[in-house]
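Colleague: For reference, the chains in residue letters:
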Amino acid sequence: MSSDIEVPPVLTLPEGLVGLPDVHEVDVLPIAGGEFLELIARDERGLGWLAAAADDVRPGMTRALVESGRIAADEALIVLLASHGEPAVVTANLAGPIAVSPTGFARQLVLEDPTYDLRARLGRLAPSPVDHR
Amino acid sequence: MLVLTRRPGQSIMVGDNVELVVVRIEGDRVVLGIDAPREVRVVRAELLRDVEAENQEASAARDRIREVLTGG
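Residue numbers (this note's numbering), protein chains in the order written: chain A, 1 to 133; chain B, 1 to 72.
Derived from the structure by calculation, the hints contain no laboratory data.
Treat the hints with care, as some may be off.
[As the list claims (entries may be wrong)] Each pair of labels, with its calculated beta carbon distance range:
hint : chain 1 : residue 1 : chain 2 : residue 2 : range
1    : A       : V66       : B       : A53       : 25 to 35 Å
2    : B       : R7        : A       : D4        : 47 to 57 Å
3    : B       : V14       : A       : D27       : 36 to 46 Å
4    : A       : E67       : B       : P37       : 11 to 21 Å
5    : B       : G9        : A       : E112      : 22 to 32 Å
6    : B       : A45       : A       : D117      : 10 to 20 Å
7    : B       : T5        : A       : I31       : 40 to 50 Å
8    : A       : P9        : B       : T70       : 17 to 27 Å
9    : B       : L48       : A       : E67       : 16 to 26 Å
[What the hints assert, rightly or not] Just a few of them, taken from the derived set where beta-carbon distance is under 8 Å, the chain A residues facing chain B:
hint : residue
10   : V18
11   : P21
12   : V28
13   : L29
14   : I31
15   : G34
16   : W49
17   : A64
18   : S83
19   : A95
20   : L118
Keep in mind the model is a prediction, meaning the values are calculated, not measured.
Ideal Cβ positions, reconstructed from N, Cα and C, are used throughout, including at glycine.
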C-alpha cells in the first residue's frame with residue numbers, strides 16, 4: 001500500500017463484519033507487491049476480501065475520522081474492495097471502512113456521511129500496463 | 001412492533017441512554033434527533049443493508065478483483 005500503515009497479520013473482529021457477524025478472525029496477506037491486502041476468514045471457509053488503505057483511495061480519510069473522534073489516532077483504516085459491471089470496475093467501500101488497532105482488533109464502521117461513497121472508483125490504483133519496451 | 005405517537009419536540013427513550021427526538025415534520029418526512037453514546041451505531045437502515053450487501057458482493061468477487069489488481 002502506498003499509504004504508510006501497519007496492519008497485523010491476523011485481525012480479530014469481535015462483532016464480525018456488517019451482515020457477517022460470525023467472521024471473527026481473518027488472516028491478512030499482502031498482494032500485488034504489498035499494494036493491497038487479502039483478508040481470509042478463518043472461521044468462515046470461502047469468505048475473503050481484498051482491501052486497500054483508505055488513504056490510498058481517499059487521501060486524508062484517516063485523519064478526518066481521527067479528528068471527528070470516530071477512530072483512535074493509532075488505528076489504521078482499510079477499505080474493502082468490490083467489483084461491479086462489465087468490464088469489471090473495482091470499487092472501494094468508503095462508507096464501511098475497517099478500523100484496525102495496532103494489536104489487531106478491528107471493527108467495521110458505517111459512516112452516515114454522503115462524501116464517503118459505498119462504491120468509490122479505484123481509478124488511480126488500477127495496475128499500470130506492463131511496459132514491454 | 002411498538003408504535004408510539006409523538007409530536008415535534010417530544011421524545012422517546014430507548015434503554016437508559018438513547019433518546020430520539022422528533023425535531024420537526026416536513027411534508028412526508030420526519031426529522032429526528034438522536035442522542036446516543038458514541039459506541040452505539042446509529043445509521044439509516046438502508047445504509048446498513050447497503051454495506052451488508054457490499055460486504056457479501058465483495059467476498060463473492062474476490063477472485064475477479066485479485067485478477068484485476070494483479071493483472072492476471
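Colleague: All the hints need checking, so say for each whether the structure fits it.
Modeller: Verification of the supplied hints:
1. Under the hint 25 to 35 Å, the C-beta atoms of A:V66 and B:A53, about 28 Å apart, fit the expected range.
2. About 53 Å separates the C-beta atoms of B:R7 and A:D4, a value consistent with the hinted range of 47 to 57 Å.
3. Between B:V14 and A:D27 the Cβ separation comes to about 38 Å, which falls inside the hinted range of 36 to 46 Å.
4. A hinted range of 11 to 21 Å for the beta carbons of A:E67 and B:P37 is consistent with their spacing of about 20 Å.
5. Judged by the Cβ atoms, the range 22 to 32 Å given for B:G9 and A:E112 holds: they are separated by roughly 23 Å.
6. In this structure, B:A45 and A:D117 meet the distance hint of 10 to 20 Å, their C-beta atoms being roughly 19 Å apart.
7. Between B:T5 and A:I31 the Cβ separation comes to about 55 Å, which falls outside the hinted range of 40 to 50 Å.
8. Take A:P9 and B:T70: their Cβ atoms lie about 20 Å apart, and the range 17 to 27 Å holds.
9. Between B:L48 and A:E67 the beta carbon distance is about 24 Å. The supplied range of 16 to 26 Å therefore holds.
10. Here the hint on A:V18 is kept, as its CB sits about 5 Å from the closest CB of chain B, short of 8 Å.
11. At its closest, the beta carbon of A:P21 sits 10 Å from a beta carbon of chain B; the interface hint therefore is violated under the 8 Å criterion.
12. Because the beta carbon of A:V28 sits about 14 Å from the nearest beta carbon in chain B, more than 8 Å, this interface hint is broken.
13. The beta carbon of A:L29 comes no nearer than 11 Å to any beta carbon in chain B, farther than 8 Å, and the hint placing it at the interface is violated.
14. Below 8 Å, beta-carbon pairs count as interface contacts, and A:I31 has one with chain B at about 6 Å; its hint therefore holds.
15. Annotation: A:G34 was flagged as interfacial toward chain B, and the flag is violated, the nearest CB pair being 12 Å apart, outside 8 Å.
16. Taking 8 Å as the C-beta contact cut-off toward chain B, the hint placing A:W49 at the interface holds, the least distance being around 5 Å.
17. For A:A64, the suggested interface contact is broken, since its CB lies about 16 Å from the closest CB of chain B, more than 8 Å.
18. Evaluation of the A:S83 hint against chain B yields a held restraint, the C-beta minimum of about 4 Å falling below 8 Å.
19. Annotation: interface hint on A:A95 holds; nearest CB of chain B at approximately 6 Å, less than 8 Å.
20. Of the supplied interface hints, the one on A:L118 holds, with its beta-carbon coming within about 5 Å of a beta-carbon of chain B, less than 8 Å.
Checked against the numbered hints given earlier, the structure breaks hints 7, 11, 12, 13, 15 and 17 and satisfies all the rest.
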